[in-house]
Amino acid sequence: MKILVNNKETELTAGNTIADLARQLELPAQGVAVALHNRMVPRAQWEEQILQPGDSLVIIKAACGG
Amino acid sequence: MEKLIIAGKEFGSRLFLGTGKFNSNQTMEEAILASGTEMVTVAMKRIELENKEDDMLKHIVHPHIQLLPNTSGVRTAEEAVFAAQMAREAFGTNWLKLEIHPDPRYLLPDSTETLKATEELVKLGFVVLPYCQADPTLCKRLEEAGAATVMPLAAPIGTNKGLQTRDFLRIIIEESNVPVVVDAGIGAPSHAAEAMEMGAAACLVNTAIAVAGNPVEMAVAFKEAVVAGRRAYEAGLGIQAENLEASASSPLTAFLND
Chain A
100 MKILVNNKET ELTAGNTIAD LARQLELPAQ GVAVALHNRM VPRAQWEEQI LQPGDSLVII
160 KAACGG
Chain B
21 MEKLIIAGKE FGSRLFLGTG KFNSNQTMEE AILASGTEMV TVAMKRIELE NKEDDMLKHI
81 VHPHIQLLPN TSGVRTAEEA VFAAQMAREA FGTNWLKLEI HPDPRYLLPD STETLKATEE
141 LVKLGFVVLP YCQADPTLCK RLEEAGAATV MPLAAPIGTN KGLQTRDFLR IIIEESNVPV
201 VVDAGIGAPS HAAEAMEMGA AACLVNTAIA VAGNPVEMAV AFKEAVVAGR RAYEAGLGIQ
261 AENLEASASS PLTAFLND
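Chains as they are written, first to last, in my numbering: chain A, 100 to 165; chain B, 21 to 278.
So that you can see chain A by itself, here it is in the shape it has in the complex:
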């Protein structure tokens, strides 16, 4: 199935969770946050949150800034 990660179409196995996606994208253990349809999903809920086709996620990480 296709989902959107930071507005980019991404292929994910049907029934996969945010935790599966995090493994697929090799997200680091710290320093990232994920939002599903503009609502932050705490890391503790990643294993339970099953993604649906067309879901839109935002994933952020640290950047330099003042």
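Hint data in this document are derived by calculation from the structure and do not stem from the laboratory. Check the hints yourself; a few may be wrong.
As the list claims (entries may be wrong) - Covered by chain B, according to a simulated footprint, are these stretches of chain A (three or more residues, beta-carbon under 8 Å):
| hint | segment |
| --- | --- |
| 1 | 109-115 |
| 2 | 152-160 |
What the hints assert, rightly or not - Each computed DSSO-like pair below joins lysine-lysine, with the alpha-carbon atoms no more than 27 Å apart:
| hint | chain 1 | residue 1 | chain 2 | residue 2 |
| --- | --- | --- | --- | --- |
| 3 | B | K41 | B | K65 |
| 4 | B | K65 | A | K101 |
| 5 | A | K101 | B | K72 |
| 6 | B | K78 | B | K29 |
| 7 | B | K78 | B | K65 |
| 8 | B | K65 | A | K107 |
| 9 | A | K107 | B | K72 |
| 10 | B | K160 | B | K181 |
| 11 | B | K181 | B | K41 |
| 12 | B | K160 | B | K23 |
| 13 | B | K78 | B | K41 |
| 14 | B | K29 | B | K136 |
Treat the numbers as computed from the prediction; the structure is a model and nothing was measured. Here a beta-carbon is modelled for each residue, glycine too, at the ideal position from N, C-alpha and C.
For this one, chain A is given, so just place chain B on it according to the hints.
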């Protein structure tokens, strides 16, 4: 020198550093360590799926440093609350530099949205350090809303123009019951020293250090300027004369003649 206390946390340094515009993460880390700072800002960006660049976070995470995530890029209070929640999750801290500047040309903070966001974020348990206009009335309102500090600007971000808002900063410092951190526009150690002599609790510096010929040396210069300014403030500056008439500091009794 008195310790700086924000939201019950003690800081040994009154210099806060931003992490933008450095040529490399290595130089940034060296400047951070040389400055003696204990508070460092970090921004957020969307990950790029194909680009596994160097992780900047590892260069700023040190046991003595409080991370201060900022909300740069948001335009409204609602977006700021979302950014704050993402920051708390990503960086494991409820400290937040709230900055809402919708106009990319001057990057001046939106006072209405900043106040609204401060009220909401304090209720959500954040330690809010709002970047704001050098507006004494607004700073009072932010304080009443529960802001941990106020961070009025000296001049537009990145301009290095120094204390353009000097007189308003004086009023804010005089009236504030929370630490006043002078943010944005500080372009030289002398600007930082002047802000500290006026009684500012701390200065936040980024561009002036990051774009210096030698950022690490400049970080040290700012460290020393902030200490000097604060010491001078605590020591009590002499009153400036209203005119240019001299007041002798040496005895005027003649000894060469008569």
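Each hint tested on the structure:
1. 109-115: violated (count 1)
2. 152-160: n = 4 at 8 Å, threshold three: holds.
3. B:K41 to B:K65: holds (15 Å)
4. B:K65 to A:K101: Cα-Cα ~23 Å, so holds.
5. A:K101 to B:K72: Holds - the C-alpha atoms of K72 (chain B) and K101 (chain A) are around 22 Å apart, at most 27 Å.
6. B:K78 to B:K29: Measuring from Cα to Cα gives roughly 23 Å; hence the hint holds.
7. B:K78 to B:K65: Satisfied, since the Cα-Cα distance of roughly 16 Å is no more than 27 Å.
8. B:K65 to A:K107: Between K65 (chain B) and K107 (chain A) the Cα gap is close to 15 Å, so the pair holds against 27 Å.
9. A:K107 to B:K72: holds (16 Å)
10. B:K160 to B:K181: holds (25 Å)
11. B:K181 to B:K41: This hinted pair holds, its Cα atoms lying about 17 Å apart.
12. B:K160 to B:K23: holds (23 Å)
13. B:K78 to B:K41: holds (17 Å)
14. B:K29 to B:K136: Cα-Cα ~25 Å, so holds.
Hint violations for this structure: number 1 only, all remaining hints satisfied.
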